[in-house]
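Below, each chain spelled out in residue letters.
2 protein chains.
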Amino acid sequence: MSTPDRLIESTRELLWERGYVGTSPRAIQQRAGAGQGSMYHHFSGKPDLALAAIGRTAGEMRAGVEEILSGPGTAAERVSAYLRREREVLRGCPIGRLTQDPEVMADPMLRGPVEETFAWLRDRLAAVLAEGRERGETGAGLDPAATASAVVAVLQGGYVLARAAASPEPFHQAVDGLLALLSRS
Amino acid sequence: MSTPDRLIESTRELLWERGYVGTSPRAIQQRAGAGQGSMYHHFSGKPDLALAAIGRTAGEMRAGVEEILSGPGTAAERVSAYLRREREVLRGCPIGRLTQDPEVMADPMLRGPVEETFAWLRDRLAAVLAEGRERGETGAGLDPAATASAVVAVLQGGYVLARAAASPEPFHQAVDGLLALLSRS
DNA sequence: GTCTATACGCGGATAGAC
DNA sequence: GTCTATCCGCGTATAGAC
Numbered sequence: 001m002s003t004p005d006r007l008i009e010s011t012r013e014l015l016w017e018r019g020y021v022g023t024s025p026r027a028i029q030q031r032a033g034a035g036q037g038s039m040y041h042h043f044s045g046k047p048d049l050a051l052a053a054i055g056r057t058a059g060e061m062r063a064g065v066e067e068i069l070s071g072p073g074t075a076a077e078r079v080s081a082y083l084r085r086e087r088e089v090l091r092g093c094p095i096g097r098l099t100q101d102p103e104v105m106a107d108p109m110l111r112g113p114v115e116e117t118f119a120w121l122r123d124r125l126a127a128v129l130a131e132g133r134e135r136g137e138t139g140a141g142l143d144p145a146a147t148a149s150a151v152v153a154v155l156q157g158g159y160v161l162a163r164a165a166a167s168p169e170p171f172h173q174a175v176d177g178l179l180a181l182l183s184r185s
Numbered sequence: 186m187s188t189p190d191r192l193i194e195s196t197r198e199l200l201w202e203r204g205y206v207g208t209s210p211r212a213i214q215q216r217a218g219a220g221q222g223s224m225y226h227h228f229s230g231k232p233d234l235a236l237a238a239i240g241r242t243a244g245e246m247r248a249g250v251e252e253i254l255s256g257p258g259t260a261a262e263r264v265s266a267y268l269r270r271e272r273e274v275l276r277g278c279p280i281g282r283l284t285q286d287p288e289v290m291a292d293p294m295l296r297g298p299v300e301e302t303f304a305w306l307r308d309r310l311a312a313v314l315a316e317g318r319e320r321g322e323t324g325a326g327l328d329p330a331a332t333a334s335a336v337v338a339v340l341q342g343g344y345v346l347a348r349a350a351a352s353p354e355p356f357h358q359a360v361d362g363l364l365a366l367l368s369r370s
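Order-wise, the sequence lines are chains A and B. Following the numbering used here, the numbering of the first sequence begins with 1 at its first residue and continues without gaps. Following the numbering used here, the numbering of the second sequence begins with 186 at its first residue and continues without gaps.
Simulated from the structure, these hints should not be mistaken for laboratory data. Treat the hints with caution; some may be incorrect.
Part of the chain B face toward chain A, derived, beta carbon under 8 Å [said to hold, decoys possible]:
no., residue
1, G244
2, M246
3, G249
4, V250
Below 20 Å or equal to it, Euclidean Cα-Cα: the simulated SDA-like pairs (lysine to any residue) are [as the list claims (entries may be wrong)]:
no., chain 1, residue 1, chain 2, residue 2
5, A, K46, A, E17
6, A, K46, B, E198
7, B, K231, B, G297
8, B, K231, A, K46
9, A, K46, B, R203
10, A, K46, B, R241
11, B, K231, B, R191
12, A, K46, A, R111
13, B, K231, B, E194
14, B, K231, B, S209
15, B, K231, A, R18
16, A, K46, A, R78
17, B, K231, B, P210
18, B, K231, B, E202
19, A, K46, A, P4
20, B, K231, B, E198
21, B, K231, B, R247
22, B, K231, A, V21
Think of the CB as a built atom: it goes at the ideal place given N, C-alpha and C, for glycine as much as any other residue.
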């Protein structure tokens with residue numbers, strides 16, 4: 001991997017683990033095995049690196065979600081597959097966690113990808129749910145947008161519960177609880 | 186308000202806005218209008234202050250929730266009232282946000298109240314849901330613990346969506362989506 | 001109780017040599 | 001491209017005077 005790539009990857013990990021405020025250029029360099037001068041040669045500073053890291057993470061996330069949601073199966077099956085997808089629950093969501101970072105939210109450059117990713121995700125899920133409803137598969141009286149937001153919220157909130165409990169269990173409980181409700185509609 | 190009280194209050198606000206890692210003793214002192222020496226006279230340091238602040242926030246939160254959940258109405262009405270309760274959506278949950286802070290999670294003293302608060306909340310909601318089920322009011326085939334986790338997760342995740350969108354709308358959408366599902370069960 | 005002085009390392013970067 | 005030197009202010013205290 002090239003030095004810029006290693007720097008971006010190490011920034012991605014640190015942003016995930018410690019957030020933007022908790023991540024220092026020093027720590028990025030050390031984890032990447034790169035020197036001070038090298039880092040500032042390839043990137044203009046911490047915000048620039050963070051932008052590259054967030055963009056890459058957001059892109060991967062979208063691709064992964066799209067693969068499931070555009071895959072085979074009924075709408076309910078695909079939403080269910082998305083909810084039950086394997087996750088590193090205790091690490092939380094690398095994009096969602098940025099939402100808690102005041103410096104990320106204050107910078108339009110950094111905030112943009114976060115906002116877009118969630119807007120896209122909710123829209124995409126709503127489209128799948130609307131499709132299922134039109135086909136008469138499920139959820140006759142449900143508002144696709146509201147249901148989609150609930151689905152995403154259960155995941156994001158599930159991470160919070162899991163970290164609070166230091167256990168993945170509440171995450172899976174929350175998903176099961178939502179899935180039980182969805183399956184009756 | 187006494188100086189220690191002002192210090193605790195200012196720590197509470199800063200923890201809410203900026204998290205533990207993003208909150209400095211200096212900032213606490215300035216917001217409280219207290220000097221360096223004064224702060225270290227009353228508290229042993231940042232962790233000590235944070236402990237007092239988190240304890241106070243957790244206590245208030247439990248009291249507020251308990252008032253709604255032990256109030257009048259059917260189980261479904263009380264859960265609904267809890268979900269629809271007025272909230273400063275864009276500020277997020279002052280306890281939930283601590284979950285993202287590696288230094289809070291790494292310190293058992295600070296972590297304790299966070300863990301307990303969510304454990305209590307899920308239990309308390311599950312008890313209300315179980316009560317409703319026994320009375321035949323609602324949710325005949327639902328697992329109270331799973332449903333309770335989903336309820337809490339929707340709130341915590343709703344905050345994430347709202348902050349990502351810089352708008353309370355997705356929070357309320359998620360709550361509506363969950364409530365619609367609950368009302369059919 | 002509160003203030004001021006002092007300390008030491010880190011955060012975040014720039015400059016210039018190699 | 002990468003390294004080392006240097007900078008300045010902040011983070012997080014401790015010490016001791018008032």
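Compare the structure with the hints numbered earlier in the document and write down the numbers of the violated ones, lowest to highest.
Hints 1, 2, 3, 4, 6, 8, 10, 16 and 21 not satisfied by this model.
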